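Student: This is what each chain is made of:
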Amino acid sequence: MDKIKGFAKKSSAIELCNLSFRFANESPPVLKNINLTLQYGEIMVLGGLSGEGKSTLVSMISGILPHMMGGIAEGQVHLDGQDVTNLKPGERSRYLGSVLQNAENQIIHQKVEDELAFGCENRNFSPEIIEEEIHEKAGLLHLNLSSQTRKLSGGEMQRVITAAILCMKQRILLFDEPFAHLDFDGMKTLLSLLNRLKNKGYAILIVEHRIEEIFDQVDRTAWLEQGNLEVFEEKKEILKHLPVFQTYRRTGQFLNPLIVFQNVTMELDRHEALNDVDLTLYHGERLMILGDNGSGKTTLLKVMGRLLKPTGGRVCVKGINEKEWFNQVGMIFQNPNYQLFMPTVYEEIALKGKGEKLIREIIEAFQLKELLDRHPQSLSEGQKRRLTIAAVMAMDPEIVLLDEPTVGQDGRGLEMIAEYLLKQNREKQITIVTATHDQRWAKSMADRILWIKDGSVYKVGNAALGDNFFRQTEKNRE
Amino acid sequence: METFHVKKPIYPLVSFLFSIIIFAFGLFLAKEIALIYLFLGLTLLYSAFGHLKTLLKLLPPFALIGLLVGSGVWLTSGDYLPAIQTFGRILLLAFSSTPMVGTPPINLLRVFAQWGFPKVLSLGVLITLRFIPLLIAEMKQIVHAMKTRGIRFGVKERRTLYRGFMIPLLIRIVGMSDTMAISVETRGFSVEEKKQSVYRRIRFSLRDFIYTILTILLMIGVLIYG
Amino acid sequence: MLVQKFTVREIIFIAILSGALTLAGLVTMPLVMSVTLFGARNLVSSIFYGFFAIIGIMKVRKFGTLTLMGLFHASILLFMAPVMFFTVFFGAMASEILTLIIFRSYEIRQARILAATMFIPFTMPSTLIFTMMIHGMTLQEILSNPILAVLFTFGTIILGFVSSRVGEKAGLELKKAGKL
Chain A
1 MDKIKGFAKK
11 SSAIELCNLS
21 FRFANESPPV
31 LKNINLTLQY
41 GEIMVLGGLS
51 GEGKSTLVSM
61 ISGILPHMMG
71 GIAEGQVHLD
81 GQDVTNLKPG
91 ERSRYLGSVL
101 QNAENQIIHQ
111 KVEDELAFGC
121 ENRNFSPEII
131 EEEIHEKAGL
141 LHLNLSSQTR
151 KLSGGEMQRV
161 ITAAILCMKQ
171 RILLFDEPFA
181 HLDFDGMKTL
191 LSLLNRLKNK
201 GYAILIVEHR
211 IEEIFDQVDR
221 TAWLEQGNLE
231 VFEEKKEILK
241 HLPVFQTYRR
251 TGQFLNPLIV
261 FQNVTMELDR
271 HEALNDVDLT
281 LYHGERLMIL
291 GDNGSGKTTL
301 LKVMGRLLKP
311 TGGRVCVKGI
321 NEKEWFNQVG
331 MIFQNPNYQL
341 FMPTVYEEIA
351 LKGKGEKLIR
361 EIIEAFQLKE
371 LLDRHPQSLS
381 EGQKRRLTIA
391 AVMAMDPEIV
401 LLDEPTVGQD
411 GRGLEMIAEY
421 LLKQNREKQI
431 TIVTATHDQR
441 WAKSMADRIL
451 WIKDGSVYKV
461 GNAALGDNFF
471 RQTEKNRE
Chain B
1 METFHVKKPI
11 YPLVSFLFSI
21 IIFAFGLFLA
31 KEIALIYLFL
41 GLTLLYSAFG
51 HLKTLLKLLP
61 PFALIGLLVG
71 SGVWLTSGDY
81 LPAIQTFGRI
91 LLLAFSSTPM
101 VGTPPINLLR
111 VFAQWGFPKV
121 LSLGVLITLR
131 FIPLLIAEMK
141 QIVHAMKTRG
151 IRFGVKERRT
161 LYRGFMIPLL
171 IRIVGMSDTM
181 AISVETRGFS
191 VEEKKQSVYR
201 RIRFSLRDFI
211 YTILTILLMI
221 GVLIYG
Chain C
1 MLVQKFTVRE
11 IIFIAILSGA
21 LTLAGLVTMP
31 LVMSVTLFGA
41 RNLVSSIFYG
51 FFAIIGIMKV
61 RKFGTLTLMG
71 LFHASILLFM
81 APVMFFTVFF
91 GAMASEILTL
101 IIFRSYEIRQ
111 ARILAATMFI
121 PFTMPSTLIF
131 TMMIHGMTLQ
141 EILSNPILAV
151 LFTFGTIILG
161 FVSSRVGEKA
171 GLELKKAGKL
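As you go down the protein sequences, you meet chains A, B and C in turn.
With our numbering applied, the first sequence covers 1 to 478.
With our numbering applied, the second sequence covers 1 to 226.
With our numbering applied, the third sequence covers 1 to 180.
Just chain A, with the same shape it has in the complex (with noise of 0.2 Å):
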């Protein structure tokens, strides 16, 4: 059975030594000689935009690339001052825990038991040690043991993937977006849960977008651009290449009723989503939905877009025409993968394109003519974002439902995309409802707020119920 070592403390947690990767011989570098230290009791965040090469370096310190996806790499990995470089993400599992996005998809047992369990049988950990461990990281996270994974939310399976790693053991852990769906309650709780961690000794890197909202917690931050690594001496350097969101606010009433709730109710699962949702959608408003994770902020969107029949009340549309439905009213989803389908970018803003004009136009906008000839699913996350956003503003729609739209995205992605809805809402009056939990987002794009907890209308108000939501929860965890 295996025995349980001490971990190094002299040597440094990771080391990279002029790491370089490339996807194949002719494409040009992802990463260029990057330099990296982390040591034990410390918690460093790395940040950068999209398709820069975050993942690229997160995977490279795994072992993912190049062992199990492929790829040409240079340079060394040292984990806890062994030299890993020739070691399969399997080999390098016993110094290093890696979190990754998407919990649902990382799950395979029924039991969160058995779940906590998998990781240390891996191990070969004695069936003693593993009761050990799978009750103390239960604790420690909240879980019961009992539960069944898939009646969990998307946050508790987080939870379960974070205590399955835990369970293992390593003193090096890695996260690759741990917030990018969390709401600031879950944030808060997992940063406190780091900083317990970190104390203990542990090494932690966090890849992350919402470095604004973290950077005090953490120890050391590094900015990822073009291949290239900054790790700065003084942390808050990093804020010097975060945009800045312009905010633009209105004041003054809409007048014109396009979508109203009366008494609106949604059962899910035998769940009530909603509940008694009373709201007025204006013509030309822009309005902004916040609430934790699970307050139904999504099914409000469903709703009001026609995805979803409520099961109680009424949804009354004026002004627009129920038989063109669809194309009048543009819902974007937080994956964008469910929406792109066509061979080719452009075909995909074609499809349902009013006119080549504006298809141009929005090619322009979005930044995607380098991109046109290529496979949507070729293209990053990002991008991809872009490319449904822009396909379905290509409908020309009156409005637009915008579920998470900053999941995943970098401040560059959002600045673009949020500069071309205003300038659709400014010019068109087209109407922006948004559901998020992204602070920067809500600060920009927010004409009014509507504050969903546990399914019903909390509060409705101005803008600056949008910093009220942030800084009650805030004081909330407190």
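No lab work stands behind these hints: they were computed from the structure.
Please note that the accuracy of each hint is not assured.
Result set (SDA-like, lysine to any residue): computed pairs, CA atoms no more than 25 Å apart in a straight line [said to hold, decoys possible]:
#: 1; chain 1: B; residue 1: Lys7; chain 2: A; residue 2: Leu145
#: 2; chain 1: B; residue 1: Lys57; chain 2: C; residue 2: Val27
#: 3; chain 1: A; residue 1: Lys235; chain 2: A; residue 2: Phe215
#: 4; chain 1: A; residue 1: Lys151; chain 2: B; residue 2: Lys57
#: 5; chain 1: B; residue 1: Lys57; chain 2: A; residue 2: Gln148
#: 6; chain 1: C; residue 1: Lys176; chain 2: A; residue 2: Ile72
#: 7; chain 1: A; residue 1: Lys200; chain 2: A; residue 2: Gly227
#: 8; chain 1: A; residue 1: Lys354; chain 2: B; residue 2: Lys57
#: 9; chain 1: B; residue 1: Lys119; chain 2: A; residue 2: Leu145
#: 10; chain 1: A; residue 1: Lys169; chain 2: A; residue 2: Glu131
Note that the coordinates shown come from a computational prediction; the quantities given were computed from them, not determined experimentally.
On the provided structure of chain A, position chains B and C as indicated by the hints.
Tutor: Relative to chain A, chains B and C alone:
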């Protein structure tokens, strides 16, 4: 599927073996009145071993199918006896499957792992099971997404319909499998690794032995006295 | 090399694809209970199975891929109706063995299409036996209309071929996108 699982399942290999044996035995008795005695005996046996609820959940859908098929046989043959026998055979499927349906799949896979079967095959089965509900949810999302892109369900748009559904589904399958593979490997799983422990070992107990003996005795009893 | 080791990534892809196959199978499963016409259920199944089978083989071009898909798919049936396990598993294995004998490698396009096409046709013998057992019919009774039986058999092969070609087309597009 979890609603069918029992609190104390029978040893998985015994459940599997007797599923086949009871089915074969039942087919042998299909034209005899003894089949009813077999059903009664199995009902008592399953009650004693905590599988009655599983059986009662399985019986209605199988009974419905049996009624439909039996009615078809009656209409074509004009004789009610073959119809009843067909009904009986379909009910036999429910009775014979009960122990297996009541067993959480992880138990069977743990037994295989204990016996030295390649763990990667067990992993594959678990993943197939796990992803069935996920794929259903994915398909629903894709249908919603197609609507948002203005694709209508109709013969005229069948090419876009096919593209709009199958391409995203296959992309999602590839994406999900890559995510899962990375997660599994970074959690130490390896095809080559032989030394892997089993957290909860499944042991053949006295209860399983008694179940085996009683099942055999039941079959012998039905043969002799049926 | 005829027998090659599978990587974790390949096994998992095959497993998830088998999940999709199982869902497709659940649509046709009730037919096995109610229809006694030889080949009717297989005809309907071949619409989906050829499609997913060829995607699996295009991604994992190793002998054993189809058998593994059959194994994972059939294992789910173990927990629903254990007897059904053999129908699917042996069908997959038989199709793969035939392809192995004729072509020796999945690198040849025709090999991939043959394996995917013949997956469901090779389940017909065991489906026949299963139907005989459930309905208590003799072989002569089930094949009482030989013309229909022949038509359904050829129909199953043709539909299997068509669905594998459609799947191949989808697979080529995914390959172009760098996903396969």
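Student: For the pair supplied as a hint, B:Lys57 and A:Gln148, confirm whether the alpha-carbon distance does not exceed 25 Å.
Tutor: holds, 20 Å
Student: Holds or violated: A:Lys151 with B:Lys57, Cα cutoff 25 Å?
Tutor: holds, 21 Å
Student: What's the verdict on B:Lys57 and C:Val27, does the C-alpha distance respect the 25 Å limit or exceed it?
Tutor: holds, 20 Å
Student: Holds or violated: are the alpha carbons of C:Lys176 and A:Ile72 at most 25 Å from each other?
Tutor: holds, 21 Å
Student: Would the pair A:Lys169 and A:Glu131 pass a check requiring their Cα atoms to be no farther apart than 25 Å?
Tutor: holds, 13 Å
Student: Against the 25 Å threshold, does the CA-CA distance of B:Lys7 and A:Leu145 hold or violate the hint?
Tutor: holds, 16 Å
Student: Can the restraint linking A:Lys200 and A:Gly227 be considered satisfied, given a maximum Cα separation of 25 Å?
Tutor: Outside the cut-off at roughly 32 Å; violated.
Student: Next pair to validate is B:Lys119 with A:Leu145; report whether the Cα-Cα distance is within 25 Å.
Tutor: holds, 23 Å
Student: Does A:Lys354 pair with B:Lys57 here, judged by a C-alpha cut-off of 25 Å?
Tutor: violated, 54 Å
Student: Please verify whether A:Lys235 and A:Phe215 have alpha carbons no more than 25 Å apart.
Tutor: It holds: about 8 Å lies between the C-alpha atoms, which stays within 25 Å.
Hints 7, 8 from the earlier list are contradicted by this structure; the remaining hints agree with it.
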